[in-house]
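Participant: Residue numbers (the numbering used here), protein chains in the order written: chain A, 1 to 315; chain B, 316 to 432.
Hints listed in this document are in silico derivations from the structure and should not be mistaken for laboratory results. For clarity, every value in this text was computed on a predicted model and none was experimentally measured. Watch out, some of these pointers could steer you wrong.
Unchecked claim - Computed cross-link-like contacts, BS3-like style, restricted to lysine-lysine with a CA-CA straight-line distance of at most 25 Å:
1) A:K18 / A:K35
2) B:K347 / A:K18
3) A:K299 / A:K254
4) A:K182 / A:K299
5) A:K158 / A:K138
6) A:K35 / B:K347
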Amino acid sequence: MRILVADDDAISRRMMEKMLQTSGYEVVAAEDGLKAVSQLTTKGGPRLALIDWMMPELDGPALCRQIRSRHDQPYVYIILLTSRESTEDVVVGLEAGADDYLTKPCCSAELKARLLTGHRILEREDRLVAAREEMRFKATHDSLTSLWDRGAIMSLLKNELHRAMRSETPVSVMLCDIDHFKQINDVYGHVAGDTVLQEVASRFMQSVRTYDAVGLYGDAVGRYGGEEFLLILSDCDAAQIRQRAENVRESIEKRPFQVNDSELSITVSIGFTTVTKWDKTQSIEGLLDRVDTALYEAKSSGRNRVIPAESLALV
Amino acid sequence: MASDNSVDMDDLLERIDGDRTLLAELVEMLRKDYRMQFQAARVALSKNDSAGIQRIGHALKGAMSNLAAPLASTMARDLESCGRTGDLSSVGELLTQLEHEMGRVAAKLESLCPELV
Chain A
1 MRILVADDDA ISRRMMEKML QTSGYEVVAA EDGLKAVSQL TTKGGPRLAL IDWMMPELDG
61 PALCRQIRSR HDQPYVYIIL LTSRESTEDV VVGLEAGADD YLTKPCCSAE LKARLLTGHR
121 ILEREDRLVA AREEMRFKAT HDSLTSLWDR GAIMSLLKNE LHRAMRSETP VSVMLCDIDH
181 FKQINDVYGH VAGDTVLQEV ASRFMQSVRT YDAVGLYGDA VGRYGGEEFL LILSDCDAAQ
241 IRQRAENVRE SIEKRPFQVN DSELSITVSI GFTTVTKWDK TQSIEGLLDR VDTALYEAKS
301 SGRNRVIPAE SLALV
Chain B
316 MASDNSVDMD DLLERIDGDR TLLAELVEML RKDYRMQFQA ARVALSKNDS AGIQRIGHAL
376 KGAMSNLAAP LASTMARDLE SCGRTGDLSS VGELLTQLEH EMGRVAAKLE SLCPELV
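I would like the entire structure built from these sequences, with the hints used as guidance.
Facilitator: Structure representation (C-alpha cells):
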C-alpha cells in the first residue's frame, strides 16, 4: 500500500521512509505541506499519510482541513506527528481532521500498529463505498441489460439538453426498436428474448462513445421500454447523426445473434433527430413524440432502417 | 574524540534495525544538509526572523530526536522555543553550542561507519 510521509526534515523523512519500506509500504515523500496536499489530492494518490505538525507552506492541521474539505475523493487516513516536548495541542490536530497522532521519534512497533488501524478503517470505508455504488447503480440501471433505466436516461436527456442549451452545442437523440421482437419471444422463448436484449444492449454500447461512466458527459444508452432503447449523442450535429444512426443499425444487422444453438438475424429500426437549439418552451415529451413518429415510419416502411424526425431548430 | 553520551547508540540502532548502510546515508545527510540549516538560522537571526528560527529549531529537533541524540535534541528544542517566544537574545550562543554538539553527534555516528572515515 502507498503511504505519504510529509516532513521538512530530510533525516526524519528518510528514517521514516526506510522504516515503512521495511514494513512493505510504497512510500511517497513530501518536504512541505503544499506538496503533501498535491500528492494526496492526485487521482490514485496515497490513502495513508504521516504528516509532521510543523512544515513550511502549510502545517499539519491546515493540511488536514484542506483534505477534509474535499468530499469528491476517497478517504485519506491521516496520522499527525508531534514532538514529545511540544505544547502543540493534540486536540487541535484531531479537530482539524487528523485520525490519529504519534509523538516523534516514532517507535516502529507503535507506528505499525497504528497504521494497521488505518488499514482497517480504509477497508471498511472501501466496503461501504462499494456497497453505496452498487445500490446507486441498481437504482439507476436496468437489471437485465445494465443500461440506464428509463428514469435515469430521461433524467440524463434533460440534463444533456440543458447543457447543450448553455454551451450552444447540438445534441442528437435516437429511439431504437428491435424488429419482430414479439416473434423472437414467441418462437424461441423469453430466455432467448432476454439474450437478444442483452446482446443488442452490448452492441449499442460498443457503437457509441461512453467515455464517462456516470453519463455526465459523452453518449448515453438507456433501456426506454421493453425492446426500445434511447440513445443520447453529445455534440452530434445534423450532418453526423444519419451516419451515426446507420452505424448503430449496422452493428445489429452485420452479425447474427447466437441464441442457444441457433443463429438469429436481428435488425432494429431507428427514429432520430438533432436538437440544435433548445429552450424552456419546448418539452422533452414533444421531442420524444417526434422521434417516436420517425421510428414508427421506419417500422411501417419496411423496418431495418433509420428515419430522421423533423428538426426542432427554431432558427 | 567523540563523546560517549552524544548519541544513545542502542536506541538508534534499534530504531534503524541495525542498518549500517542507512546509518552511513544519514551521516552524509547530516554533514551536507545541516551546514545549510545553520547558515539559514544565522540569516534568520540577522533578520530577527523568529518564525524562521522556530521552524529550523523544530526541524533540527526532529532530526536529533530521530538520531537518538538527547543533548542536541534539547538544544534544538530550546532554539525552537526561542523562535516561538520571539526572544532571540540567546540564539547566537545556542547556535554555536548546537553546531558543536551536532559535530560530536556526526563524529560518533561516523565512527560506526568505517567506510566514511
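Participant: Against each hint, give a clear statement of whether it holds in the structure.
Facilitator: Do the hints match the structure? See the list:
no.: 1; hint: A:K18 / A:K35; in the structure: holds, 20 Å
no.: 2; hint: B:K347 / A:K18; in the structure: holds, 20 Å
no.: 3; hint: A:K299 / A:K254; in the structure: holds, 19 Å
no.: 4; hint: A:K182 / A:K299; in the structure: holds, 14 Å
no.: 5; hint: A:K158 / A:K138; in the structure: holds, 21 Å
no.: 6; hint: A:K35 / B:K347; in the structure: holds, 23 Å
Hint compliance for this structure: every hint is met.
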